[in-house]
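Student: Each chain, written out:
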Amino acid sequence: MMLQFLATKTIRAALTMWLVITFVFIVLRISGDPTDILLPDDASDAVRNFYRAKWGLDRPLWDQYLSYWSALLTGDFGISLRNNLPAWDMVMDRAPKTLLLGGTALGFSLAIGLPLGILAAWWRGSSLDRAVMTTAVFGFSMPNFFLGILLILTFSLHLRWLPSSGSETAAHLILPAFTLGTAFAAQLARFTRSAMIDVLTKPYMTTAKSKGASEARRVFAHAVPNASVPIATILGLKVGELIGGAVVTETVFAWPGLGRLLVHAVAVRDLAVVQAILILIAATMVATNLLVDLYYGWADPRVRVGRTKGARA
Amino acid sequence: MSHVVLDALLPPPLLAADGVSLGYATGRRGWLRPATRFLAVDRVSLTLSRGETLGIVGESGCGKSSLARLLVGLAAPEAGEVRFEGAAMPAPDSAAWRALRTRLQMVFQDTGGALDPRLTVRTQVREPLLIHRQPDPDARCAQVLDQVRLGPHLWDRFPRELSGGQVQRVVIARALAPRPDLLVLDEPVSALDVSIQAQIVNLLHDLQRDLGLSYVFVSHDLGVVRHVAHRVAVMYLGRILEIAPKAELFARPRHPYTQALLASVPVADPARRGARVAIPGDPPSPQHPPSGCRFHPRCPLAVPRCATEAPVLRALGATDVACHRAGEPGLPSLADVLSAPRAAVAPMPAREPA
Amino acid sequence: MPLIQVDTLDVTIRRRDGTPVQPVRGVSLCVDAGETLALVGESGCGKSLTCLAIAGLLPRRARAQGRVVMQDTDLLALPRRAARLRRRALIASVFQDATNALNPVRPIGWQVAEAIRLRRSVTRAEAGNEAVRLLGRVGLPEPERRAREYPHQFSGGMNQRAMIALAIAGRPHLLIADEATTALDVTIQAQILDLIADLQAELGMGMIFVTHDLGIVAQAADRAAVMYAGRIVETAPVTALFASPRHPYTRGLLQALPRVDHDGRPLSTIDGIVPPPDRMPPGCAFAPRCPRVGAGCDATIPVSQPLTEAPARSVACHRPVPLSEEV
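Chains as they are written, first to last, in my numbering: chain A, 1 to 313; chain B, 314 to 667; chain F, 668 to 994.
It is possible that some hints are incorrect.
With the Cβ distance kept under 10 Å, some of the chain F side facing chain A (calculated, not the full set) [unchecked claim]:
hint, residue
1, R728
2, A729
3, R730
4, D741
5, L745
6, A756
7, F762
8, A768
9, P818
10, Q820
Read the hints as simulated data drawn from the structure, not as lab findings. None of the values given here were measured: they were computed from a predicted structure. Ideal Cβ placement from N, Cα and C applies to all residues, glycine included.
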């Protein structure tokens, strides 16, 4: 049962990846000619044709697609049109920085959003609940770049406590991670609250109370495991938003991560690099969703073990 | 031979089901395994005369609601045939089927969801009249609301402003509006309190007397069925196990399951305490019905033949019963078999001081 | 001394708009050890809220006032934690919808073991073994395998058995069964009623059986308290109650009941509907529907009084049904 569940999910993930790669390939090929941007305006047609031939752009689309795939399968993501380095190396050079920023932001939003959501749900209707929810509205209605600039003005320019750009020390991480994580933490708090409230009104919570279980036990042994299933779903969906936010945040704080590389590569139509980044992002999201699916299987026995044959016997 | 001649001369019953089955697909698991099907209704035959009430009883999952949908024509049988006044029930959503809607109406179990919360009582009752282009809908609407004894001060209210009993009156009025011959009622009083339930039961009785209606009355409540039905069919896992005139069924239940059902009901009479007996076991899943007689795994009277050969309905006096052993001379009653002393159980250890 | 004595219990609920309503008013009852009291009434009469108040399970917007005395202690007067621990040792509840009353992500055995560990200092392993034994005791086949399964893999009847195992895990002095068999099919209901009766005899528990089913009252209870619109209108031993109901409402209920044991006359009905808790009439709440209503019924609320001829019975009515009139 579990094996079949795993196999289904993995095949589905592979299909998604194939669709994404194909889509990215086609869109990038038909959206403009890289020679227009990479070569000087006054480059002759002969020069242009030389580079088109060199990069394989003169061949039919299906031919390019097939050779792209055969390269991909050997781990070759192509050469950057801009500086002749392997695209994959350029991406991998930047990926750890983005992972650090995104991971810190995610950890920060989980550490803030989950407990606040749980507390607000348990004390729903209280002043704590109202305070958390009001703050949350501010948190996710504030655009990333605006919050980032506000933080730079306050903590870097005015108070001079924290650096405003770069990635050299741990102190450099604080402002961008906070910027990136705030909106996510706010959404997570709101979602956790509603998921918890839904669970807290279920009859099995009354049963737990009738057993004489303490409040902490009722929350953590009974309510949270049930609420974690919808929360995991939303986490899986929102990781994409976190990546999108990273592009903006990295630009504001001059954080040398994938986001900035992507913006740059798109601007100069550096096909191989753009493709490599998009594939990496897609792979991250597919992997996240796979993890979420696996989590369902682990956390929710209704997914893991269906109704057994003897259920009513 | 004389039977056949006589049958041919008699007018056809209002409604007849002849070996009808209805199946559902259960969720498939994986790509390679085909979706499994199970029969919610399995080769059921019955008839209903004009002015008669047929009660259909059984426990959850026995297929009584699916049978009701077949009888009213809301679902097409995948085998067998339902006939209304001797003619085959047209396929759902055909023109003939729509025309027949005025004559066959269904009242569903869920009183809360049966009415549109945004429409007033009057609008909802008038709606079927407008759909079927019946003359003078306003007068007819007032007439049926009066027949279900709903005061005119309630006619322009919304469903949420009504009590459960009043909602059920509106639902019945709406079903009555196109002047049907047959009402199929699926658990029409189950959600109501005793005092309100009695009002609706009496109302249904009066309507039948005044309008000559026929009812198919589906219920799990044997007390209510005993009160409203002329004949009763007992269903178990998609099959009819016994069908008999009411007095006969309650006085001399022939099928061990009917006996079990009657013996399980707590009677509102303290003097009859201890008369209740419980048969062991859960009803099997309808997806995986047992072989042979579907009741045999729980039946205290089962013999080897019951596990291999499915009994068919046969006449036993006024009763039709599907049981190999029913009518056997000297067959013990279910109560005798079950009142044997219960197996000893290990006692609980003593209570600790609180 | 009774096992539990409830005195003038009120339950007040603050509605979302802030207005308070009082669905339970001045309820007094008592249950002896080993005795079963049925709390009977139609939906909204306050029977379930009464039990939730006794068991300390009221929703947060509801407040209980009055006295709930067990072992010389008023549970309503105790601080929250002390009340929880005291109730944990004394009271257990079984609910109507067992499948939803069990946690869907925890194995059945875990849930029973938790109930054991909350009340006794035993190791995890001991609690697990005890849980399996209890599941076997309540009639679950193959308890060791079933203990590892989840509520969605069980039928409603099996879940109710598990729920009962969970309830008796702490060997409670008082078991509250709130419509515990209502959702079950009649053959399963009969099994569960037998099981509860066996366990009660074995453990000597007092029981409060909340139900709207007069058949269950007649079959399973020693005494019955009939509730209407938040108040107990009549209390009597079950035999006497069914033979000669003294409150017009009780009589109306019995006459409205379609009986499975005989074909009756047309059912008599109680006209009208129950008044909502925020629009109670000033006098007897049943007066607007009462066939015996007379002068004074709409002026003062009748007090529950023991009958002179039968001290075990009491009725709250200005004009009770005379003894000569039988159902």
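Student: Each hint needs a verdict: does it hold in this structure or not?
Tutor: Tested hints:
| no. | hint | result |
| --- | --- | --- |
| 1 | R728 | holds, 9 Å |
| 2 | A729 | violated, 13 Å |
| 3 | R730 | violated, 15 Å |
| 4 | D741 | violated, 18 Å |
| 5 | L745 | violated, 13 Å |
| 6 | A756 | holds, 8 Å |
| 7 | F762 | holds, 6 Å |
| 8 | A768 | holds, 4 Å |
| 9 | P818 | holds, 8 Å |
| 10 | Q820 | holds, 5 Å |
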